[in-house]
Amino acid sequence: MKKELITLNINGDDHEIAVHPWRTLNEVLRDQLHLTGTKLGCATGDCGACTVLIDDQSVSSCLTLAVEVEGRKITTIEGLAPQAVANSDLENCELNPIQESFISKGAIQCGFCSPGMIMSSKFLLDHTPNPSEDEIRAGLSGNLCRCTGYNKIVDAIADAAEKLSPTE
Amino acid sequence: MSTDHNFSVVGKSLPRSDARIKAVGAAQYADDIFLPGMLYGKLLRSPVAHALIKSIDTSAAEALPGVKCVITGQDIPKIKYGNWRLVPESQDEFALAIDKVRFIGDEVAAVAALDKDSAEEAIRLIKVEYEELPGAYSVEESLADGGPVIHDEYKQDTPNISLDRKIEYGELDKAFAEADLILDDHFTVHATSHAYMEPCACVAEYDHDGRLTIWTSTQAPYFVQCLLASTMEMRENDIRVIKPFVGGGFGGKMEMRPWEFCAAFIARKLGRPVKFTLTREEELATGRRRHPMNIHSKVAFSKDGMILGKEFNVHLDGGAYNSMGPTACFLCGNFGAMLYNYPNYRYYGAHVYTNKPPAGAMRGFGAPQALFVAETQMNVAAEKLGIDPVDIRLMNAMESGDEIPGVATISSCGFKESLIKVAEMTDWREKRKNLKPGQGLGLGCYSFISGGVFNWFNTRYNFTRAEVRAFDDGTVHLMTMASDIGQGCDTVLRQILAEELGLKISDIRLTAADTAVTPQADLGTWGSRVTLMAGNAVRKAAQEIKEELFKMVSLKFDLNVIHDLRCGDGKIYPANRPDRAVAFGDAVKMAQRANRGEPIIGYGSYTPRNKGLVTPAFSFGAQVAECEVDKETGAVEVKYMTTAHDCGTPINPMSVEGQLEGSVHMGLGYALCEQFIMKEGKTLTTTFLDYKIPCAEDMPPGVSVHVDTYEPDGPFGAKEAGEGLVSPTAPAIADAVYAATGYRCMDLPLTPQKVLAGMKKI
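So the protein lines, in turn, are chains A and B. Just so you know, the first sequence maps onto residues 95 to 262 in the numbering used here. Just so you know, the second sequence maps onto residues -16 to 745 in the numbering used here.
Just chain A, with the same shape it has in the complex:
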């Protein structure tokens, strides 16, 4: 089957690419565009490591076909703090407040689930600015982590929520 020529808007940049119609967004991001911040943990939509935002919805990029999301606004972990590329001075670079909270609260261990966790957190806080602990845990239920036991991730999201929209 022939490839289709499509344009994907990822983190504000238009990428014109040729893809087979069965190619997932995750495969395009990682294998074609080398945007490897988005991980692949299971390829069956169970672990959430591949979570990205399509417009303002969080989706599993492993279950999303690339041809489906032409014309949509795709945000990956690399788009959350676009100034922070691998070679920049990360120590002195301002990140998204969610990323800062994940770092300071010890929510990152091996880091493999972190990009997906952070994208799910962004979706949660965009739609529920002051979540309860139960709402945070429910918001993370599609993201698996094997290192942390989740508690520090929950703390990080509560901390970010407070920074983004103070309750008082």
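Note that these hints are calculated values from the structure, not bench results. Just so you know, nobody snuck in bad clues.
25 Å max Cα-Cα, derived BS3-like pairs, lysine-lysine:
| id | chain 1 | residue 1 | chain 2 | residue 2 |
| --- | --- | --- | --- | --- |
| 1 | A | LYS97 | B | LYS99 |
| 2 | B | LYS487 | B | LYS572 |
| 3 | B | LYS99 | A | LYS96 |
Position chain B relative to chain A; hints supplied.
Relative to the frame of chain A, chain B by itself:
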């Protein structure tokens, strides 16, 4: 050494030094690496559990456009490998099966192609003719008379027992004869998956200078280097193993694996880089797992609750190959007699081959199994003797200075303090009297090792080594082969170095886990060895630097020989005259001038000496689970977990907490919801929908406290944290379920069906 140090960096909850790069998605894991001209590899795995390979036809696969290479067991050197190099006959694996497959998933062939689609298609085009053999899918089937022989080269009476271990001390028969209470129980414990989030991947490249470089998701780069060298018939120095960021391991990534061999072999054959990445389905269906065990444990008590002796018989269901089974067999015997003083003990452990995916090392390494049994029996004994479970433990508990016959002397021990602490924090005695129907409170305890002593890998190097280079700009460069796989040793080793040299974390450059440039050798990340062993090596290297620089400062200030010198705030100064300080960088410059330009480099190594065969230091702890059981459904809900533990000095308390919370997660899964459903050697639970690890909503609230001890053999008093704590959770929950329902679980996991059956509801 005193415990009243005023540390400036050690003991601080600093954020991980790699957290920022991970948070922005820039951390490169093995599958994130793309090299020019790189090919994609794929493995063909056996669909049958036990069979002879009659023929393999690769012609259709080789003819497929885009396919560059197909290899089978006939193409590779006939050299077996395994981590137990000390016992060569235990090395029982070929990278690709030769003549015979022994489990569903055994690697049979490998392809490399221009793209993933072609590699997958090529795998489907390989035709393998199998002659199926009867399989053994349990210890019982494997040991039955006339059962299938899984490795034909074993000719002894019980060919499926690959090795066994015996421990015996004291007069056990006499202990049983004198006992007032004897518990005699059979337990079974099940397999679980490491379920690290990053599926294994590697990229291998062969350069024109004849050197092989492999970036691989591993816990032990040195093992991979050595075993690739032996199986590829290369010199170790011609192989460079680089550990990129690794997405968790938990014991599952500490061996050389077939995809590493195949990537290396094909890269050498074609002169092109090759990447292999496993799918989650491959990981769950065929990957290493925790050992299922059948355990027969007989314990003798006096009527006042003293342990008189124990007989511990264990059959490990090892799957098709030894993997790390020998170590699990070894350690299970030690953990069967840990925590309490067993004056008389007899252990027999046997590692049994079955036609299932091999079990290997997994967090706890024999301890979760042994301690589920041991701690359950302590709870049973307490009830039968009418003694509180806390008290029966306190009267038998190990303490500092206790000796485990032939094994070790306990140097630091906060076990009793941990027990007292959890009892206080949970209001244990009162709460146990006032439980409502369906509510339960249960206790479990643990001890664990801080790295192993027994040199089964037969390394010729020290167990760890560090090199520190000091520069006149006030910075240092730490080089170590210690491997951060997410547990945080890159941060902890920096903290140890910064503390010793009085520098800031930001003054330290780190190069780690690259066998070409980091000092030989380090055995890797397993058995909770890194903080203590690599930490000691780093400290010694730093001390060499200090010695060099102290000479300069003494000379500059014409110090009396009795003056002590200190490092702090980036300076070196006499202890009693902090105003007379020399900047660290200036001291380096002076030392270089004094040595005609020689660089200032410190080296440190660590190998345990006079520490027996098991470990230089033990951690301890206790945990109470508060549970509610739904008597209609049998579902167990853990309402609260209380933990007190002794890890010596926590180098980074936030990291220790994170490890402990992760241990509770894994312990909870082990107790309640994680299991492989298998049918005749086939794993049916091959997705995270079927293999259920706890998610954020499943985690109970809880609290953990640290009991302060100082381990004399550890860097700044530190020892193990985060691995041992995976053990007490299952016995604590099982004990709470007993209190709630009257059902005493001796067969993990504690599924709702078992709870209902135990309550005679089904």
